[in-house]
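Quick mapping for you: the protein sequence lines, in order, are chains P and Z.
With the UniProt record's numbering, the residue at position 87 of the first sequence is 87, and numbering never jumps.
With the UniProt record's numbering, the residue at position 116 of the second sequence is 116, and numbering never jumps.
Fair warning: there could be bad hints in the mix.
Covered stretches of chain Z (chain P as the covering partner; in silico rule of three or more C-beta atoms under 8 Å from a C-beta of chain P) [claimed, not checked]:
(1) 26-38
(2) 44-51
(3) 128-136
(4) 146-156
Here are the simulated SDA-like cross-link-like pairs (lysine to any residue), alpha carbons at most 20 Å apart as the crow flies [to be verified]:
(5) P:Lys2 with Z:Glu42
(6) P:Lys3 with Z:Asp77
(7) Z:Lys3 with P:Trp166
(8) Z:Lys167 with Z:Asp144
Since the hints were made in silico from the structure, they are not lab data.
For every residue, glycine included, the Cβ atom is placed at its ideal position computed from N, Cα and C.
Number of protein chains: 2
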Amino acid sequence: MKKPVTTLCYIENDDSYLMLHRVKKKNDLNEHKWVGIGGHAEEGESPEDCLLREAREETSLTLTSYRFRGLVTFVSDKWGTEYMCLYTADGFQGILSDCDEGCLEWVPKKEIPRLNLWKGDLIFFRLLEENVPFFSLKLCYEGDRLILWQLNGMDMGADLPDEEKWKEILDSLRAI
Amino acid sequence: MKKPVTTLCYIENDDSYLMLHRVKKKNDLNEHKWVGIGGHAEEGESPEDCLLREAREETSLTLTSYRFRGLVTFVSDKWGTEYMCLYTADGFQGILSDCDEGCLEWVPKKEIPRLNLWKGDLIFFRLLEENVPFFSLKLCYEGDRLILWQLNGMDMGADLPDEEKWKEILDSLRAI
């Protein structure tokens with residue numbers, strides 16, 4: 001049985017993230033969605049062990065600089081609960097290869113909201129861009145619909161924040 | 001099957017941590033050891049959901065202020081791999097009750113190294129006291145013996161650091 005612990009990594013280059021368009025796997029939780037690279041931890045692996053292995057397997061790149069940015073508890077009525085260790089990486093070696101699980105593409109950060117994403121991913125992309133301290137984000141879905149999210153244990157409703165709400169959230173995170 | 005994701009929390013009061021002496025459960029990974037409170041995440045629970053439930057179940061306390069300090073990957077040749085979300089809590093309400101899993105005791109922080117602990121716990125106790133940013137710590141055991149540890153993906157050998165090594169570690173963590 002696969003562990004419910006996974007890694008999810010957004011590799012950065014200039015102002016782009018390396019995005020994976022999941023169009024190759026059958027019966028895929030992320031079918032047709034754009035996500036980062038990563039996958040399930042294997043027996044005995046730390047999140048960093050898993051991160052480095054998955055980066056090699058999916059991109060042929062060796063990560064040389066990365067940061068653990070947050071833990072995302074992904075709860076789906078269809079797929080169960082997954083604990084995603086969220087990383088960004090800003091250093092790597094090697095030459096990007098094709099990936100069995102989808103199409104890899106460098107996407108400018110400002111174009112990312114136009115992609116077919118899990119809606120809640122917009123929340124962590126903003127938190128990453130704002131460079132807030134480590135966060136714990138819970139995202140609950142019914143099918144594709146975000147029905148509830150929590151940040152560091154605080155209930156945040158179902159909707160994405162407007163700018164006023166974001167200001168409040170960011171102020172409170174930076175005061176920690 | 002129990003999820004391999006758990007919480008481990010050290011509740012603080014003055015200069016003490018609330019420690020749990022695990023002397024009540026049979027076939028217990030932690031038998032006779034002193035640990036924090038916590039336990040396995042249940043379906044749909046974020047680490048914070050799990051933390052608050054376990055605190056209530058094991059101590060009758062309601063945590064009102066807590067921080068997610070690190071992720072500990074505990075690898076045992078006997079028990080497999082567990083991902084422990086490590087918290088400290090400095091706010092709580094209620095009256096401390098007995099715990100089914102062991103004896104609860106407030107232990108002054110400076111006396112903690114004298115307790116029967118997992119050896120690697122001394123590493124995270126130091127990291128907590130030094131108030132370093134969020135960390136990922138991997139601890140590998142053969143039986144009771146620490147055979148390898150890693151900090152934020154860096155190999156650190158099998159031994160606990162001496163003071164010189166600690167200075168180097170803390171400087172590098174604070175430079176992140």
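Status of the hints after comparison with the structure:
Interface restraint, the region 26-38 of chain Z with chain P: violated (0 residues with C-beta to C-beta distance below 8 Å; minimum three). Taking a C-beta to C-beta cut-off of 8 Å, the region 44-51 of chain Z contributes 7 residues in contact with chain P, enough for the three needed, and the coverage statement holds. Judged by the Cβ-Cβ criterion of 8 Å, the region 128-136 of chain Z is covered by chain P as claimed, because 3 of its residues qualify and three suffice. Only when three residues or more bring their CB closer than 8 Å to a CB of chain P does the claim for the region 146-156 of chain Z stand; here the count is 3, and the claim holds.
A threshold of 20 Å between alpha carbons decides the hint, and for Lys2 of chain P with Glu42 of chain Z the separation of about 16 Å falls inside it, so the pair holds. Under the criterion of a C-alpha separation no larger than 20 Å, the hint pairing Lys3 of chain P with Asp77 of chain Z is consistent with the structure, at around 17 Å. Distance check on the hinted pair: Lys3 of chain Z and Trp166 of chain P sit about 33 Å apart at the alpha-carbon level, beyond 20 Å; violated. Restraint check: the Cα-Cα separation between Lys167 of chain Z and Asp144 of chain Z comes to about 27 Å, which exceeds 20 Å; the hinted pair is violated.
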